[in-house]
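S.K.: Chains A and B are the protein sequences, given in the same order. For the first sequence, position 325 matches number 325 in our numbering, and the numbering has no gaps at all. For the second sequence, position 31 matches number 31 in our numbering, and the numbering has no gaps at all.
Hints are computed from structural coordinates only; laboratory data are not their basis. Hints should not be assumed to be uniformly reliable.
[Unchecked claim] DEER-style ranges, computed between Cβ atoms:
id	chain 1	residue 1	chain 2	residue 2	range
1	B	131	A	134	53 to 59 Å
2	B	104	A	67	40 to 46 Å
3	A	287	B	17	33 to 39 Å
4	A	408	B	38	36 to 42 Å
5	B	131	A	39	54 to 60 Å
6	A	276	B	131	35 to 41 Å
7	A	276	B	112	20 to 26 Å
8	A	43	B	112	34 to 40 Å
9	B	61	A	298	33 to 39 Å
10	B	17	A	130	28 to 34 Å
11	B	125	A	379	32 to 38 Å
[Stated by the list, open to error] With a Cα cut of at most 30 Å, we get these calculated DSS-like pairs of lysine-lysine:
id	chain 1	residue 1	chain 2	residue 2
12	B	119	A	279
13	B	135	A	279
14	A	285	A	133
15	A	242	A	179
16	A	285	B	118
17	B	64	A	285
18	A	134	B	118
19	A	24	A	365
20	A	366	A	39
Bear in mind that the values here come from a model prediction, so they are computed numbers and not experimental data. Ideal Cβ placement from N, Cα and C applies to all residues, glycine included.
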Amino acid sequence: MADKKLHTVTLEQDKCKGCVACMKRCPTEAIRVREGKAKIHYDRCIGCGECVRICPHNAKKVVYDDFDIINNYKYKIALPAPSFYGQFNNIDNLGIIIEGLKNLGFDEVSEVAVGAELVTDATKKVLSKGAIKKPIISTACPAILQLILIRYHSLTENLLNMLAPVDVVAKLAKENAEKKTGLKPEEIGVFFISPCHAKVFALKSAFGVKEPLVQGVLAASDIYFRLLPHLKNIKFSAEEPKAGMAGISWACSGGEASGVMKDKYIYVDGIENCMNVLKQLEDKKLDHIDFVEMNACVSGCVGGVLNIENPFVARSKIRELEKYLPKYRNNVEFAGKDLDFFQWEVNPETNDVMRLDEDFMVALKKMSDIDAILKGLPGLDCGNCGAPSCRAFAEDVVNGEADLSLCNRKEDAENNG
Amino acid sequence: MSDKGGLHFEFDVDGGNFVSAGTASERVKNTLKQLGIAPFTVRRTAIAMYEGEINMVIHAGGGKAIVDITPEDIKIWLIDSGPGIEDIELAMQEGYSTAPEAIRMLGFGAGMGLSNMKKYSDIMEIDSRPGEGTKVFLQINLQKVQNG
């Protein structure tokens, strides 16, 4: 499913000092340091953002679209993520943000939080049919979905086969705009304002859908700075936000699960916590749980690397905004769509990138060689060789990607031992 | 690589800490994934071995795990010199447990260990002598076509 031409994160070569910070942090061991620069293996990258967060030199750049691409379309629709609402000080009326986005150049604003509410309602209806194996795993976080497709293949039957809220809103917004304006589909541009690059990648690669549903993915941080001057001039707005509390709460960890389930659910955030829970799910240690929400970022989408505000403050702001809203303002019946409309059009495929070789016998031989090499390595996982661990280095050697001589700590280890 | 073209692993299972137990089975699980073994088989092996590992931690103060992987099957030996099992037939029953209350409070020792090991393996053999120790053998067969 991952398109090799698409990148999640790029490296600014000049800024990269070749330190091992990102390499050691990467949960899927997708980074190596070669010739003094970090090199990303995109087939292993899940877009979690850990390397972007940790890089001390700001050398990791997140891929997203330039704002000006909206001008390629006659009718422009902005799709702000629920977490976007948590970025602003002193705004207690979401109408101001909607009006601000219109002043910025969008013809229409369609709230992703509305999609979140619809997906919540549709999920409840799908779950009541009992067709998905429990514990059901949420797929709203694309980094987590990618992680499962790469490393936890036995859990694919537990995946919740629902579209992400942004997909639902994109489909509805485009359909409505075509009717309203009479324009051709290609004249209408739908743009997601994203909290993270995992979402950029997911939307461009069309996770779970036949073809990309948006014409561009913009960064929350970029829009934030463009929007601020416009917001200052708006004292009062007649715009009426349509999302209820259940939709807006998707901005934070727990928002999805608490809307869908009454009990027997857990919500997990932070990539390491998610990996621990995935391991337990795989070992059937959590079979007494019905629903698992997982977000790669700490605190959920408000923790995304494209946001401005720190996730804890953003979370508090989201809570304030929710306070006076009714729990639900949207549902499946009101949207006038069948349940199919909210579900995956195509099932995302698993990825065999962790596999040593297509041929089992070759893989067995490689594994045996890896173990033999590993026994001769110091076991310090120091990263000097340019691989995140001695095991990863041994794998690289066997795969012909690194030379054994790159390990310069063998003697240190022997002296200590 | 052994003569027959397989992998051989030996793990010391630390008896001290049962919350972090499962290191050996996790290592085996990751190895099987890298070999491209079918997810269903990976999962069965990991669960069966984890149960054996945790049993050694809870009841026997640790032990040794030996794993052989060949194109035909996965063989696992779990060897400890703990108190042994008095009545194997009784111990095999679901829900039968001799785990101390403190361990049950943490969600372990629910009496599913041996029955789960049997459920998730193709062959299971137990050799136990009270006062001397326990040796559990598990075999998980591999489907002929792993590449399909």
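S.K.: Name the hints, by number, that the structure is in violation of.
M.R.: Numbers 1, 2, 3, 10 - these are the hints that the structure violates, sorted from lowest upward.
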